[in-house]
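Visitor: Chain residues, written in single-letter form:
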Amino acid sequence: NAGVTQTPKFQVLKTGQSMTLQCAQDMNHNSMYWYRQDPGMGLRLIYYSASEGTTDKGEVPNGYNVSRLNKREFSLRLESAAPSQTSVYFCASSPQLYNSPLHFGNGTRLTVT
Amino acid sequence: RKEVEQDPGPFNVPEGATVAFNCTYSNSASQSFFWYRQDCRKEPKLLMSVYSSGNEDGRFTAQLNRASQYISLLIRDSKLSDSATYLCVVFRTMNYGGSQGNLIFGKGTKLSVKP
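Chains A and B are the protein sequences, given in the same order.
Counting in the working numbering, the first sequence runs from 1 upward without gaps.
Counting in the working numbering, the second sequence runs from 1001 upward without gaps.
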């Protein structure tokens, strides 16, 4: 019962480095999301994919790109990491767009120095 | 004013206590309401949806007051395992009658249940 799997769990980057966060779900959900969570802030939507083949910007998309590789996988890329991108990143999925519940992955703790 | 506001707490209560959390939302276009639970350094998980008529799940009761634009969560007979952060989540549409919208997460209310 894997649900939503994110990799890596932890990552430290230097400013300017790039990396891709991977996310996969095995629940046959149509919609997938990337959120970031910072201390004192609610979860904020970075990008989402309503269905395979579509992606849209969320509340805080600057500095990120996404790829909906297939129905299962939705990756988040940081092209040139900045300290402001230090955060905990959560991938989530749901059967349809915003159809509750959202199923979250375990999160990726990213530090940019 | 933040779109979804919660008292951050922490609420420190003894085992067996009854504790209530409130959440206010500012956008009257909000349609659906949820409580999620997030344990320390873990992912959020849906606790319960909130319906207009109010709903109960064991020791947990959720209420919605559309006129006053607030949602509440009541936990009876608190257990140590209830210690977590409780997130108020609101779904609102962007266009009247449409399905496009956004889930807005509150910052969460931290609950600590002590022996």
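Treat the hints with care, since some could be wrong.
[What the hints assert, rightly or not] Dumping the calculated DSS-like pairs for lysine-lysine here, alpha-carbon to alpha-carbon at most 25 Å:
no.: 1; chain 1: A; residue 1: 57; chain 2: A; residue 2: 9
no.: 2; chain 1: B; residue 1: 1079; chain 2: B; residue 2: 1110
no.: 3; chain 1: B; residue 1: 1045; chain 2: A; residue 2: 71
no.: 4; chain 1: B; residue 1: 1079; chain 2: B; residue 2: 1042
no.: 5; chain 1: A; residue 1: 9; chain 2: B; residue 2: 1045
no.: 6; chain 1: A; residue 1: 57; chain 2: B; residue 2: 1110
no.: 7; chain 1: B; residue 1: 1002; chain 2: B; residue 2: 1079
no.: 8; chain 1: B; residue 1: 1079; chain 2: B; residue 2: 1045
no.: 9; chain 1: B; residue 1: 1002; chain 2: A; residue 2: 9
no.: 10; chain 1: B; residue 1: 1042; chain 2: A; residue 2: 9
no.: 11; chain 1: B; residue 1: 1045; chain 2: B; residue 2: 1114
no.: 12; chain 1: B; residue 1: 1002; chain 2: B; residue 2: 1045
no.: 13; chain 1: A; residue 1: 9; chain 2: A; residue 2: 71
no.: 14; chain 1: A; residue 1: 57; chain 2: A; residue 2: 71
no.: 15; chain 1: B; residue 1: 1110; chain 2: B; residue 2: 1002
no.: 16; chain 1: A; residue 1: 57; chain 2: B; residue 2: 1114
no.: 17; chain 1: B; residue 1: 1079; chain 2: B; residue 2: 1114
Derived by calculation from the structure, the hints in this document are not laboratory data.
Visitor: Against each hint, give a clear statement of whether it holds in the structure.
Guide: Results of checking the hints against the structure:
Only pairs whose Cα atoms come within 25 Å are accepted, and residue 57 of chain A paired with residue 9 of chain A is accepted, the gap being roughly 24 Å. With a C-alpha separation of about 14 Å, the suggested pair residue 1079 of chain B and residue 1110 of chain B falls inside the 25 Å cut-off, and the hint holds. Between the alpha carbons of residue 1045 of chain B and residue 71 of chain A the distance comes to roughly 22 Å, so the proposed pair stays at or under 25 Å and holds. Distance hint between residue 1079 of chain B and residue 1042 of chain B is fulfilled; the C-alpha atoms sit about 19 Å from each other, no more than 25 Å.
For the proposed pair residue 9 of chain A and residue 1045 of chain B, the alpha carbon gap of about 18 Å is at most 25 Å, so the pair holds. Distance check on the hinted pair: residue 57 of chain A and residue 1110 of chain B sit about 30 Å apart at the alpha-carbon level, beyond 25 Å; violated. Proximity of residue 1002 of chain B to residue 1079 of chain B is assessed by CA-CA distance (about 31 Å); at most 25 Å being required, the pair is judged violated. For a cut-off of 25 Å, the pair hint linking residue 1079 of chain B to residue 1045 of chain B stands: about 18 Å separates their Cα positions.
About 31 Å separates the Cα atoms of residue 1002 of chain B and residue 9 of chain A, which puts this hinted pair outside 25 Å; it is violated. For the hint pairing residue 1042 of chain B with residue 9 of chain A, the CA-to-CA distance comes to about 11 Å; that is within 25 Å, so the pair holds. Between the alpha carbons of residue 1045 of chain B and residue 1114 of chain B the distance comes to roughly 22 Å, so the proposed pair stays at or under 25 Å and holds. Pair hint residue 1002 of chain B plus residue 1045 of chain B holds up; C-alpha atoms about 23 Å apart against a cutoff of 25 Å.
With a C-alpha separation of about 22 Å, the suggested pair residue 9 of chain A and residue 71 of chain A falls inside the 25 Å cut-off, and the hint holds. Taken as a hint, the residue 57 of chain A and residue 71 of chain A pair is honoured in the structure, with Cα atoms around 18 Å apart against an allowance of 25 Å. This hinted pair checks out: residue 1110 of chain B and residue 1002 of chain B have alpha carbons roughly 18 Å apart, not beyond 25 Å. With a C-alpha separation of about 42 Å, the suggested pairing of residue 57 of chain A with residue 1114 of chain B is violated against the 25 Å cut-off.
The straight-line distance between the Cα atoms of residue 1079 of chain B and residue 1114 of chain B is roughly 8 Å, inside the 25 Å bound, and the hint therefore holds.
Of the numbered hints stated above, those contradicted by the structure are hints 6, 7, 9, 16, listed in ascending order.
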